[in-house]
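Novice: Sequence:
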Amino acid sequence: MKIGIMTINSAYNYGCVLQAWSLQRYLEKEGHEAFIINYRIPEIDNVYRLFQERQRFGNRALNALYNGLRRVKFNLTQKPRIRKAEKFEHFINETMNTTQVYSSFKELEEQEAGAQYDVLITGSDQVWNGTITKGLKPAYFLEFDHSGKKKISYAASIGKTQLTNAEREFFAECLQKYDDIAVREQSAKKLLEPLVKQKIKVVVDPTLLLEREDFDALKKPPRFRKPYLLVHIIGKDRNVKNMARMMSEKLGLRIVQNRMKKQYENELGRFADAGPEEFIGLIENAAFIVTNSFHATLFAIMYERNFVTIPHKTYPERMTYLLEHAGLSEHLIADTTELPEDFSVPMPDYGRVKARLAKEQEASRSFLKNCLAKTK
Numbered sequence: 001m002k003i004g005i006m007t008i009n010s011a012y013n014y015g016c017v018l019q020a021w022s023l024q025r026y027l028e029k030e031g032h033e034a035f036i037i038n039y040r041i042p043e044i045d046n047v048y049r050l051f052q053e054r055q056r057f058g059n060r061a062l063n064a065l066y067n068g069l070r071r072v073k074f075n076l077t078q079k080p081r082i083r084k085a086e087k088f089e090h091f092i093n094e095t096m097n098t099t100q101v102y103s104s105f106k107e108l109e110e111q112e113a114g115a116q117y118d119v120l121i122t123g124s125d126q127v128w129n130g131t132i133t134k135g136l137k138p139a140y141f142l143e144f145d146h147s148g149k150k151k152i153s154y155a156a157s158i159g160k161t162q163l164t165n166a167e168r169e170f171f172a173e174c175l176q177k178y179d180d181i182a183v184r185e186q187s188a189k190k191l192l193e194p195l196v197k198q199k200i201k202v203v204v205d206p207t208l209l210l211e212r213e214d215f216d217a218l219k220k221p222p223r224f225r226k227p228y229l230l231v232h233i234i235g236k237d238r239n240v241k242n243m244a245r246m247m248s249e250k251l252g253l254r255i256v257q258n259r260m261k262k263q264y265e266n267e268l269g270r271f272a273d274a275g276p277e278e279f280i281g282l283i284e285n286a287a288f289i290v291t292n293s294f295h296a297t298l299f300a301i302m303y304e305r306n307f308v309t310i311p312h313k314t315y316p317e318r319m320t321y322l323l324e325h326a327g328l329s330e331h332l333i334a335d336t337t338e339l340p341e342d343f344s345v346p347m348p349d350y351g352r353v354k355a356r357l358a359k360e361q362e363a364s365r366s367f368l369k370n371c372l373a374k375t376k
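Residue numbers are given in the numbering used here: position 338 of the sequence shown equals residue 338, and the series is strictly consecutive.
Accuracy of the hints is not assured; some may be wrong.
[Claimed, not checked] Estimated spans, in silico, between C-beta atoms of each pair:
| # | residue 1 | residue 2 | range |
| --- | --- | --- | --- |
| 1 | Asp335 | Met260 | 21 to 27 Å |
| 2 | Phe51 | Lys354 | 43 to 49 Å |
| 3 | Glu112 | Lys197 | 25 to 31 Å |
| 4 | Lys236 | Asn63 | 28 to 34 Å |
| 5 | Asn46 | His90 | 17 to 23 Å |
| 6 | Lys177 | Ala358 | 30 to 36 Å |
[Stated by the list, open to error] Below, computed lysine to any residue pairings styled on SDA-like, alpha-carbon distance capped at 20 Å:
| # | residue 1 | residue 2 |
| --- | --- | --- |
| 7 | Lys241 | Asp216 |
| 8 | Lys236 | His312 |
| 9 | Lys87 | Arg238 |
| 10 | Lys250 | Lys236 |
| 11 | Lys134 | Ser104 |
| 12 | Lys241 | Ser104 |
Don't read these hints as lab results, they were simulated from the structure.
The structure presented is a predicted model; accordingly, all values stated were derived computationally and were not measured.
The beta carbon of each residue, even a glycine, is placed where N, CA and C say it ideally should be.
Using the sequences plus the hints, can you model the full thing?
Specialist: Written as structure tokens, this is what we have:
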């Protein structure tokens, strides 16, 4: 079966591209042809744009000279960001099976982007979070296809616990056209189920549809050979930095972190230029991990690392839900005051953890298989 996946796939964010690749890879393992519909809109891509020209002067020539000098400075001072962007673009365009680029809903509609597929799937990530996408986008609800073919959502995320009246109306209208709906968070199920006739399932993130061996085929080993504490921060979070300093001191581990500039006194190195494959290798080889990232937490579990997760300030629910169901709630620590007096963070019993997660993983795989079997 030929399947088109609509998801956020172009952000220079490890979780974003790895979840997209994972859903595609799982469907391929099931014997399908799976393609990421390469929908790249300014609302997403501009967040990660490396260099933007400025019109500081009224004279075109002066602006050209000014921006030329700015670009020279940028290329000299931002080399890690440039290398990271190149690695992400390679992953998006070469490792993932992506289509031609569509830069607007109009292009998707006029070029009949969904016509060649037997099934269309809205994939995971925060595709239904209007805050992230600068307004709810019809494309992420597969509105560009008018053929009446089967439409599924898998682990779509809203990323919020309340909807406006306008959002509720939008969801009610768009979701009635789906044959099967699955979301990533329990809160999304509670928000959306009253708006539709279908039962809504809660399923695991696409990365959990795969096995560790699937990511072993992607990973690249880190350049760091000494034991290290990996710190991966999304946004600005003082609690993560405080936790990292304390755990580094107590565990006697030097820090490897994801910012360009030095953040800690005892750094072993940084990985501001790492691509998705290197990120997996860094997780696997870390002696300990401190993060506020959902996907860094997920890969810490997959690679059986010890870790502390600080709840993300804006989107804490998905990591709370994951750790509760994995039996790892004690590893969700908001700040250093919540650490035990002896500062011990026990190594998880990963045999028990994997057994707990296996039920949800299998239920999620069954959801997809059953949806696609009905199409056949």
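Novice: Next step is simple, just say for each hint if it's right about the structure.
Specialist: Here's how the hints hold up against the structure:
At roughly 25 Å, the beta-carbon separation of Asp335 and Met260 lies within the given 21 to 27 Å, and the hint holds. Evaluation of the 43 to 49 Å hint for Phe51 and Lys354 yields a pass: the beta carbon distance comes to about 44 Å. The beta-carbon spacing between Glu112 and Lys197, approximately 28 Å, falls within the hinted interval of 25 to 31 Å. The hinted range of 28 to 34 Å is satisfied by Lys236 and Asn63, whose Cβ atoms lie roughly 32 Å apart.
Taken as a hint, the range 17 to 23 Å holds for the pair Asn46 and His90, whose Cβ atoms sit roughly 20 Å apart. Separated by about 33 Å at the C-beta atoms, Lys177 and Ala358 satisfy the suggested range of 30 to 36 Å. Between Lys241 and Asp216, the direct Cα distance comes to roughly 29 Å. Violation of the 20 Å bound is thereby established for this hinted pair. Proposed proximity of Lys236 and His312 is supported: the alpha carbons are some 10 Å apart, at most 20 Å.
Of the supplied pair hints, the one linking Lys87 and Arg238 is violated, its CA atoms being roughly 28 Å apart against a limit of 20 Å. A threshold of 20 Å between alpha carbons decides the hint, and for Lys250 with Lys236 the separation of about 23 Å lies outside it, so the pair is violated. Using a Cα cut-off of 20 Å, the hinted pair Lys134 and Ser104 holds, with the two alpha carbons roughly 14 Å apart. Straight-line distance between C-alpha atoms of Lys241 and Ser104 comes to about 39 Å, which puts the hinted pair past the 20 Å bound.
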